[in-house]
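For the sequence shown, the working numbering begins at 2 and goes up steadily by one.
I should point out that these hints are in silico values taken from the structure, not numbers from a laboratory.
Note that the Cβ used here is the ideal one computed from N, Cα and C, for glycine as well.
Take the hints with a grain of salt, since some may be wrong.
Claimed, not checked - Pairwise CB distance ranges (calculated):
#1 MET341 - GLY148: 17 to 25 Å
#2 GLY424 - LEU201: 23 to 31 Å
#3 GLY424 - LEU158: 30 to 38 Å
#4 VAL287 - PHE343: 36 to 44 Å
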Amino acid sequence: MNDSPGWAAPGSPSDGPRPDAAHQPPAEGSDAAQRPAQGPGAGQRPPAEGPASKWSAAQPPPGPGVSPDGVWGASSPAAGQTPPAQPQPQPGTGWGAYPVQPSAPYAYGNPGGGWGGPPPAAKPGVIPLRPLGLGEILDGAVGTLRGHWRSVLSVSLVVAALSEIALLAVQRLTMDTLTSPSTRPATPEEAVRTLGDAGLLYGFQYYLEILGLILVTALLAPAVSRAVLGQGSTLGSTLRAVRPLAGRMLGLTGLLLLGALAAGLVPALPGILLGSPALAALGVPVGLVLLAWFYVTFSLAPPALMLERGTPAAALRRSAKLVKGAWWRICGISLLTWVMRFILSMIIVMPFAFAALLVGGSLDGFLDGSATMSWSFLIISGIGSVIAATLTLPMQTGVTTLLYIDQRIRREALDLELARAAGIEGYDTTTGPTGG
Numbered sequence: 002m003n004d005s006p007g008w009a010a011p012g013s014p015s016d017g018p019r020p021d022a023a024h025q026p027p028a029e030g031s032d033a034a035q036r037p038a039q040g041p042g043a044g045q046r047p048p049a050e051g052p053a054s055k056w057s058a059a060q061p062p063p064g065p066g067v068s069p070d071g072v073w074g075a076s077s078p079a080a081g082q083t084p085p086a087q088p089q090p091q092p093g094t095g096w097g098a099y100p101v102q103p104s105a106p107y108a109y110g111n112p113g114g115g116w117g118g119p120p121p122a123a124k125p126g127v128i129p130l131r132p133l134g135l136g137e138i139l140d141g142a143v144g145t146l147r148g149h150w151r152s153v154l155s156v157s158l159v160v161a162a163l164s165e166i167a168l169l170a171v172q173r174l175t176m177d178t179l180t181s182p183s184t185r186p187a188t189p190e191e192a193v194r195t196l197g198d199a200g201l202l203y204g205f206q207y208y209l210e211i212l213g214l215i216l217v218t219a220l221l222a223p224a225v226s227r228a229v230l231g232q233g234s235t236l237g238s239t240l241r242a243v244r245p246l247a248g249r250m251l252g253l254t255g256l257l258l259l260g261a262l263a264a265g266l267v268p269a270l271p272g273i274l275l276g277s278p279a280l281a282a283l284g285v286p287v288g289l290v291l292l293a294w295f296y297v298t299f300s301l302a303p304p305a306l307m308l309e310r311g312t313p314a315a316a317l318r319r320s321a322k323l324v325k326g327a328w329w330r331i332c333g334i335s336l337l338t339w340v341m342r343f344i345l346s347m348i349i350v351m352p353f354a355f356a357a358l359l360v361g362g363s364l365d366g367f368l369d370g371s372a373t374m375s376w377s378f379l380i381i382s383g384i385g386s387v388i389a390a391t392l393t394l395p396m397q398t399g400v401t402t403l404l405y406i407d408q409r410i411r412r413e414a415l416d417l418e419l420a421r422a423a424g425i426e427g428y429d430t431t432t433g434p435t436g437g
């Protein structure tokens with residue numbers, strides 16, 4: 002967004018190492034700059050050369066098992082020697098920290114001399130500003146829906162309603178072939194036509210699903226970004242953020258839809274052209290694999306377009322670059338989210354399906370397919386599908402946008418820019434762990 006610095010693509014490559022403040026040279030005049038350089042062995046105490054070479058009295062006291070120069074596993078005092086007395090912490094001095102080696106920039110001292118984990122990361126909005134786990138991504142998606150429900154549900158309701166109307170029309174056109182009861186076995190020509198109509202219906206339904214996910218992800222990316230920063234959003238502000246990019250968003254949607262169609266249909270195209278159902282069936286598994294690869298590889302393109310405000314081609318390249326090296330992780334999280342969304346949708350749709358069955362006909366009519374041909378059944382079940390999609394689409398699209406943010410935090414230290422955009426003073430990489 003224009004008011005959220007840090008969303009634009011950085012100059013450094015996304016698959017490069019994350020910047021680490023711990024490896025920067027110490028500032029002139031700081032304690033680290035005034036300490037004597039270590040000798041040939043990293044972490045070894047320099048050899049004694051006289052009284053003047055002793056350690057400064059300002060050096061922090063070593064904890065158990067830590068040498069004065071911060072090395073782990075320091076040996077205990079030699080036999081016959083009295084260990085030096087450990088000074089007690091003075092009131093008001095706070096938590097004691099021991100020297101931090103460059104190889105462990107986020108090790109912080111605990112009371113009593115032990116070493117602990119990093120302090121909690123800043124969390125101005127729905128996620129902490131650090132690399133995210135699965136639970137934090139899901140919690141952030143649900144938190145966005147809960148905190149920005151007016152704009153989120155309004156957008157998803159419009160997209161879900163339009164998708165269901167289109168699906169309802171295709172269902173009514175193909176239902177006669179799919180559900181016509183017959184007392185005689187179907188001829189080969191009728192079986193092929195029935196399979197073709199079924200493939201058309203389910204394929205159309207699947208690609209409508211992809212289209213709806215792309216549109217809702219792009220439309221809600223500004224709302225998710227504001228939720229990450231802890232800022233509110235309204236339907237008007239979301240539409241104002243989307244309006245300048247409407248043309249590019251539609252262009253990206255078209256490219257993704259054409260690519261998905263090509264990935265799913267090209268392997269089966271030879272069998273379709275030759276009129277061989279067996280050859281076409283062999284291409285279906287290959288098409289599903291290609292479709293899964295295509296979807297995961299370019300799943301981050303919609304949030305990349307809306308938040309970086311580039312071209313559709315640049316958004317596709319950006320998604321492929323961010324997904325590189327993390328394809329299986331993004332695939333697993335997306336698949337798990339889809340399964341959760343499917344289960345929740347079924348729970349919502351089932352009462353409407355039973356109501357449609359009672360209104361549209363008997364159980365026998367439902368079993369032989371005749372009841373599903375009625376408009377009453379299609380309309381009532383369609384209402385349930387719209388409600389289910391309205392409530393579950395934002396969770397899937399929110400997870401996708403948060404995966405985009407997570408990948409940029411891991412590879413480009415986006416958390417620093419987000420902290421500055423959220424108004425967190427003095428935030429740097431030493432306040433939270435780095436990503437891998």
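Going down the list of hints, with the structure as the test:
At about 20 Å, the beta-carbon gap between MET341 and GLY148 stays in the expected band of 17 to 25 Å. Our hint of 23 to 31 Å for GLY424 and LEU201 is violated, since their Cβ atoms are close to 53 Å apart. Checked against the hint of 30 to 38 Å, the pair GLY424 and LEU158 passes, with Cβ atoms roughly 33 Å apart. A C-beta distance of roughly 24 Å is found between VAL287 and PHE343, which places it outside the suggested range of 36 to 44 Å.
Comparing the model with each numbered hint stated earlier shows that hints 2 and 4 do not hold.
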